[in-house]
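There are 2 protein chains.
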Amino acid sequence: MHKYLDITWTGFSLVGMEDHITASAARHPMRVVIQRTGLSPDVLRAWERRYDAVQPDRSGGGQRLYSDADIERLGLLKRVTAGGHNISQVASLPVEELRALIQQETLPPAGPASDAESERLRSDLQHAWDAVERFAMGDLEATLRRAAMRVHLSSLIEDLIAPLLARVGERWHAGTLSTAHEHAATAAIRSVLGWVNESAVSRNGAPLAVVATPQGQRHEIGAMLSAAVAASEGWRLLYLGADLPAADIARAALTVGARAVVLSIVYPADDPQLVPELSRLRHLLPELVSLLVGGAAADACAPQLLAAGAEVLPSLPALRLRLGALA
Amino acid sequence: MHKYLDITWTGFSLVGMEDHITASAARHPMRVVIQRTGLSPDVLRAWERRYDAVQPDRSGGGQRLYSDADIERLGLLKRVTAGGHNISQVASLPVEELRALIQQETLPPAGPASDAESERLRSDLQHAWDAVERFAMGDLEATLRRAAMRVHLSSLIEDLIAPLLARVGERWHAGTLSTAHEHAATAAIRSVLGWVNESAVSRNGAPLAVVATPQGQRHEIGAMLSAAVAASEGWRLLYLGADLPAADIARAALTVGARAVVLSIVYPADDPQLVPELSRLRHLLPELVSLLVGGAAADACAPQLLAAGAEVLPSLPALRLRLGALA
DNA sequence: AAGCATGTGTCCATGCTTTGTCAATAGATA
DNA sequence: TATCTATTGACAAAGCATGGACACATGCTT
Chain X
14 MHKYLDITWT GFSLVGMEDH ITASAARHPM RVVIQRTGLS PDVLRAWERR
64 YDAVQPDRSG GGQRLYSDAD IERLGLLKRV TAGGHNISQV ASLPVEELRA
114 LIQQETLPPA GPASDAESER LRSDLQHAWD AVERFAMGDL EATLRRAAMR
164 VHLSSLIEDL IAPLLARVGE RWHAGTLSTA HEHAATAAIR SVLGWVNESA
214 VSRNGAPLAV VATPQGQRHE IGAMLSAAVA ASEGWRLLYL GADLPAADIA
264 RAALTVGARA VVLSIVYPAD DPQLVPELSR LRHLLPELVS LLVGGAAADA
314 CAPQLLAAGA EVLPSLPALR LRLGALA
Chain Y
14 MHKYLDITWT GFSLVGMEDH ITASAARHPM RVVIQRTGLS PDVLRAWERR
64 YDAVQPDRSG GGQRLYSDAD IERLGLLKRV TAGGHNISQV ASLPVEELRA
114 LIQQETLPPA GPASDAESER LRSDLQHAWD AVERFAMGDL EATLRRAAMR
164 VHLSSLIEDL IAPLLARVGE RWHAGTLSTA HEHAATAAIR SVLGWVNESA
214 VSRNGAPLAV VATPQGQRHE IGAMLSAAVA ASEGWRLLYL GADLPAADIA
264 RAALTVGARA VVLSIVYPAD DPQLVPELSR LRHLLPELVS LLVGGAAADA
314 CAPQLLAAGA EVLPSLPALR LRLGALA
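From first to last, the protein sequence lines stand for chains X and Y.
Each position in the first sequence, counted from 1, maps to that position plus 13 in the numbering used here.
Each position in the second sequence, counted from 1, maps to that position plus 13 in the numbering used here.
Please keep in mind that the hints were generated in silico from the structure rather than gathered at the bench.
Hints are supplied without guarantee of correctness; some may be wrong.
One copy or two, it doesn't matter: identical chains are merged, so the pair holds either way.
[Unchecked claim] Under the rule of at most 25 Å between Cα atoms (straight-line distance), these lysine to aspartate or glutamate pairs were calculated in the DMTMM-like manner:
{"id": "1", "residue 1": "91", "residue 2": "324"}
{"id": "2", "residue 1": "91", "residue 2": "61"}
{"id": "3", "residue 1": "91", "residue 2": "300"}
{"id": "4", "residue 1": "91", "residue 2": "256"}
{"id": "5", "residue 1": "91", "residue 2": "110"}
{"id": "6", "residue 1": "91", "residue 2": "284"}
{"id": "7", "residue 1": "91", "residue 2": "283"}
{"id": "8", "residue 1": "91", "residue 2": "183"}
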C-alpha cells in the first residue's frame, strides 16, 4: 500500500532526509494519482502535455512524481470539467478560481468524486433527503432543478423524485417524519415539476391527456408524476388534481377532446368505491379515449380495474411507453 | 475581483437557499450556459445573431465563451420573454431594466390603478373566466402571466386572482361549475403564483414565515395567496400546504426559526376543532412568533380566534400591511 | 374572410474544434 | 524479466459555428 514512498525517495537526492519530510512534501507516482482522482493515465498525460494543467516533478528516470497539491488540483479540474467546462479553458486557473467555479456548478456539493451519472443521482437523492429533513426547501428545489437540467425527465422522475417520495412516505408511515415534512416536500416537488413541464414542448396538434385522481384518492403526488411523464412524452395536458368524481373527469375530457385519461391510485388501496367509480368513468368516456390507471395501489386491484375497462400501468416507465404508443 | 450576483432562482418555498454566490472571471462554454439558463443552443445563437443579446468572447478556435454577466443577462431575458415581451424589443435593454421589468417596478404598485389599467384587469378577468369555463388552462396561465408582467403582484393577486377564485368558488357552490373546473383553475393559478414568486427577491436576513392551513381545512388556495403576499413583502417562506396538525406546524416553525405563522381558513367555517387547534398552536409557539389567521372564514369566528391568541387579518391587503409592519 | 408581413423558435448541411483514447516504440522499475 | 511509464503521432466521437431555410403564430391589410 505504502510501497510507493520507497520508490519516491530513491529517485532524487533525498536519501537520509525521510525523517524530516512531511506528508505534504511527499511525491506520488502516477498510479496513486490514478487511484485517487479517477482520471486515466492518458488523460493525465494529455492534460499536462496539452494544457500544462500541472507540472509534476520527475524521478531520476523521468517518471512523473506528483505533489499532494497537484493531486488536489487535478481532482478540482475533474470536477469542473464534469460540470461542462472545457479543460483547455480552466487548466491554467488558480485553485481558488476552480473552487469558485465548483460553487457555481450545477453539481451537488461535496461527495466523493465519481463519474457515473447514477452515482451523481444517488448523491442528489441523499442531498435532497437531507434538505427535506432540515426543512431546507430551497436546497431541495435547487438540487432537483439542477438534476432536471442534467438528466432526462424520465430519469429525474424515476431515479430521483420517485425514490425521494418513496422514502418520505415510508418515514412518514414509520412516524419518523412529520406530516409537515411530507407536505413541504410535496410543495417543493410540485414547484419543480411545474417548472419542468413548462419547458416541455408540445406541438400544437399533440394529443391531450386529462390527469387526475379518482374520488376518494386524496394523494395528489402520483397524478403530478403522471402529468410530468405525459408532458415529457409530448402530450398536452389538462391537470385536474386529486379527488374528483367520475362525472367531472368525463365531462372535462369530453370538453377538451382528450385522447386519454390518466388516473393515479395510491391510497387507500381498498376503497370499495374505487372500482364502481372507474367503471362509471369508463362508460362515460367514448370508446376512443384510453383510460390509464397507475400508482402504487393500482397493481393490487389490477383484475378488477381491468374488468372495469381500464388499462393498468404498474410503473411510470410502463406509463411512459403506453403514452408513447398512444401519441 | 469578486463580485456578488443576485440569484433569482428562489422558488415557492425558499428556506435554505443560498442568497449569493461568488462570481469568477472564468468564461463558460455553451453547454454550461444551456444548463444554467435552460435555453436551447439554437435560441442562444439566434438571440446573439439576430438581436445581439450578448457578445461572448471566443476561444482560439472560435467557440463562444460566456461571462457570468452574460449568463445572468440571458437568464433575465428568458424570464422576461416568458412573461410575454418580445425578445427583439428587450434584447438590448441593460440588466437593471430587465430586472425592473421582472419586479414589476415599471408601474407604480400602490394607489388606485389608472382607469386604463383597471379596465385592462377587468378584461383580463373576463378572459380568464372564459378560459376556466372552457378548460383552456393554457390561455388562463398566459393571461395571468401577461398581467403579472404588467402590474404589481399585489394588484395581480387582489384585483385579478382573488376575484377569479371568488367567482369560481361561488359558481362551484351554486353548482354551475364542476369540481373539475375548480381544481384545474387552482392548479393553473398555483403554477402562476410559483412562477411569480421566483422573481420575488428576499434579502439575506429577511424574516421567515410558515404558511399552512390548520387541520380540517382542506382548501389550499388561501394559503397559496397568503404565501404570495408574504413573498411580495420580502419574506422568506416555508410553505406547508393544507390540513396540518398544530404540533407539526409548531415544530416546523421552530426548526426554521420562523417569525410568523400564517394560516388560511376557508371551509368549513364552523369546524369545532378549529379554535382548540389554534389555541394549541399558539401555546406551542414562542411568544415572539406572530400567529396570523386570514381567509374567507376567519372573519366569522374572529372573536374566538382572538381569544385563542391569534391575530385575524380579514383581507389580503390587511395581511400585507401586517406582514410589512412585522418585517 | 383571405392574404400578406413579421417575429421567432427550430432544423439542416457542412466544416472546424475539442478532447479522450489508442498504437507503437522505448525506457524505468522491482 | 514482467510490469509500468514516457513520448509522439494519430484518430474519432461529440460538440460547436455558420448561413440559410422552414414552420407556425400573430397581427395587419385588403
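Structure-based check of each hint:
| no. | hint | result |
| --- | --- | --- |
| 1 | 91 / 324 | neither (41 Å within a copy, 40 Å between copies) |
| 2 | 91 / 61 | within (13 Å within a copy, 30 Å between copies) |
| 3 | 91 / 300 | neither (44 Å within a copy, 42 Å between copies) |
| 4 | 91 / 256 | neither (36 Å within a copy, 36 Å between copies) |
| 5 | 91 / 110 | within (14 Å within a copy, 28 Å between copies) |
| 6 | 91 / 284 | neither (46 Å within a copy, 46 Å between copies) |
| 7 | 91 / 283 | neither (46 Å within a copy, 47 Å between copies) |
| 8 | 91 / 183 | neither (36 Å within a copy, 39 Å between copies) |
Going through the hint list in order, the structure does not satisfy hints 1, 3, 4, 6, 7, 8.
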